[in-house]
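S.K.: One line per chain: the protein sequences are A and B, in this order.
Each residue of the first sequence is one higher than the one before, counting from 1 in our numbering.
Each residue of the second sequence is one higher than the one before, counting from 1 in our numbering.
There are no misleading hints in this set.
Derived pair list, reagent style SDA-like, types lysine to any residue, alpha-carbon separation capped at 20 Å: (1) B/LYS64 <-> B/ARG39; (2) B/LYS187 <-> A/GLY332; (3) B/LYS101 <-> A/GLY285; (4) B/LYS187 <-> A/GLU374; (5) A/LYS305 <-> B/GLU89; (6) B/LYS101 <-> A/THR283; (7) B/LYS187 <-> A/ASP284; (8) B/LYS204 <-> B/VAL220; (9) B/LYS101 <-> A/LEU287; (10) A/LYS305 <-> B/PHE184; (11) B/LYS187 <-> A/ARG365; (12) B/LYS187 <-> A/GLU350.
So the derived label-pair ranges between C-beta atoms look like this: (13) A/THR310 <-> B/ARG143: 33 to 39 Å; (14) B/ASP85 <-> A/GLU204: 35 to 41 Å; (15) A/ALA245 <-> B/PRO224: 51 to 57 Å; (16) B/SER200 <-> A/THR265: 39 to 45 Å; (17) B/PRO55 <-> A/MET199: 37 to 43 Å; (18) A/GLN239 <-> B/ASP85: 25 to 31 Å; (19) A/ALA245 <-> B/PRO208: 51 to 57 Å.
Quick caveat, the hints were computed from the structure, so don't treat them as lab data.
Idealized CB from N, CA, C, for every residue including glycine.
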Amino acid sequence: MRIASSLIFRLTTLYVLLFAASVAILFALVWLVTSRSMLAQIAANVQREAISLADEYRATGPAAAAASIERRLQRGGLAYYLLQGRNGIWIAGNIAPVSPVLGPLDLRVRLQSRGEDGRDQTAADLRDAIGYGVLVRDGTFVLAGEDVGRLEAARRAILTAFAAGGGMSVILAILGGLILSRGFLRRVESVNATARLIMAGQLEARAPVREYGDELDRLAANLNAMLDRIQSLMESLKQVSSDIAHDLRTPLARLRQDLETARATAQTVEEFRASTDAAVAETDGLLETFSALLRIAQIESGSRKAGFATVDLSELFDFVATTFAAVAEDQGQKLASDIEGGATITGDRELLLQLATNLVENAIRHTPKGTTIELTVRRRPREIVARVADNGPGIPAEERAKVLRRFYRLESSRTTPGSGLGLALVAAVAELHGARVDLLDHAPGLVAEVHFPEATTPAAEPAGRTSVPNSGPRLTTTYGKRKPSDRADP
Amino acid sequence: MKILIIEDDRQTAEYLAKGLREQGHVVLVADNGGEGLLRAAGEKYDIMVIDRMLPGIDGLRVVKTVRGAGVKTPILLLTTLGGIDDRVEGLEAGGDDYLVKPFAFVELLARINALARRPPMTDAETTLRVADLEMDLLKRTVRRAGSHIDLTPLEFKLLEHLMRNRSRVLTRTMLLEGVWGFHFDPKTSIVETHISRLRSKIDKGFEPELIHTARGSGYVLRPPDANR
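Go ahead and model the full structure; you've got the sequences and the hints to work with.
M.R.: Below, the structure is given as structure tokens:
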């Protein structure tokens, strides 16, 4: 049932049919050609015999010719001979007299022989023959003929040969088809078995791949690669859900606790207010986390790509530097910036603003007083590198890749407020822009580098420093830009 | 002021209506888009607060229809948590401001006040003046009591925003959106830091103080004679 419905079986059947058809055509051709050449040969033979017999009759007379016919019959020459007198009188030969027709002819003959008693005995059955008739001058008719039965026998032999050969071939083709079909089925079945295992929950099952690398192996390899990708996506999804569950449980528990405190132990309005304020703060934190998650999900969906426009990264990072230099200073840190002008990419300004903000805020919030944070933007061949470096405590090498994940927080920063989504959002925005985020060791401290692919060649603009658009009077605060001569490319 | 609220969530609608009435406003509530449209077409309001997600005719359609009918009433759109694209869509449809639920009531109040008294945009205006504080928008200079004050471009922008909205409380979020273009919540005290710097330049050594902190809600630049 399964074999009958398999593709290879159907292909085999088709192949067998085609093969049989070609055998039949070949057979027909052989049949035709053979028949024709045999007919020609028979015609030539009967003509030669008839003429030679006629010549003999003319030279030696009827008695000698009759003897010659006897000899020829005994020698096993042709099947039929006839020597017939002027008035259709039988003289010699083995068939009954016929109406004399000259040249090649198809005719039906009766066997006839002269018995001991001198009476002619004529057989009842008619036989198909090919003959050649010659009329000698005195009216005597000479006929030599060959039985068509010999041709039929030859034809039958050909038919038998073809039937046997063709039959064998068809059987072999069917057998081969079945064997191939079973082999193919077995390999497809192994892929199916893998699929069933996966559906049954064994997600790590993979289709076997042989070393030959044929189409089926490539199919299996591709399926495996696809399964690997799906599994990794599922694992990250699982990770996210469990992270959400875990990370929201704590603030929810605190929220509950705050409300309980308000309900059960608060005596004065102040106490009550303090508890509810704490509850509101927890709620805000939760909402912020949700909001950040949704934002990341929305960014990852790629829908924002539709609104991409040219963004001047130099101007954007300069603006961010201006904004946060004061914040850093208030926290006893120093934010220095060195931004190369004319770095433009195609992107979403709002998201890039958040990327820059998150990177800088990350540096400000996770480093102690006295830390220097450097913000640089450089145009490199085919890419733009935005870099935020600090000389704070840094991140251990093995943790660096993890902090780009959702909710991942270093042990040391568990106590600082925050959702643990800031760098995950950076990673999502970078990916949307085809950019790469590198977290490197600044020895000491951390360097976050975002490598943006340069989309378009910016308008001819001297590669100098940029300034914020409405450059009015500017107060030089701690965030003084380095002079171009100070610039040292890393 | 006469305010129309189109909001399907009864609890939210009541919370808003109660709060706004306490502030002395006249509030009408419609709980679906169709009724909202009828009310919006029937009477003149000073402000419309429209929820984006409404049963029947959704909020965006209401805004588009109202705008299509030539109604110029300021519209504040409300939305549930999340969508970054929502804001753009809402403003493109003809909304004037956008607030993400849940929000603090003071935030809504501040935005309604800012919307209601949004001055007609006069490009001809080249000088802003609050008490003895003077801003020349062409030369980009600031003087107080006749003496020049040196500001960074960012401080200039912040002061300009405060002066254009004089006597109106601007929340932290409003300043972040208006001055910085940040439509997200930064984790550091950007606004506080820059306001404090601006104060030290504008108010330090001058009398009276112009930049005030509105407790729990935001900041306001107010001339001394203005009533609270």
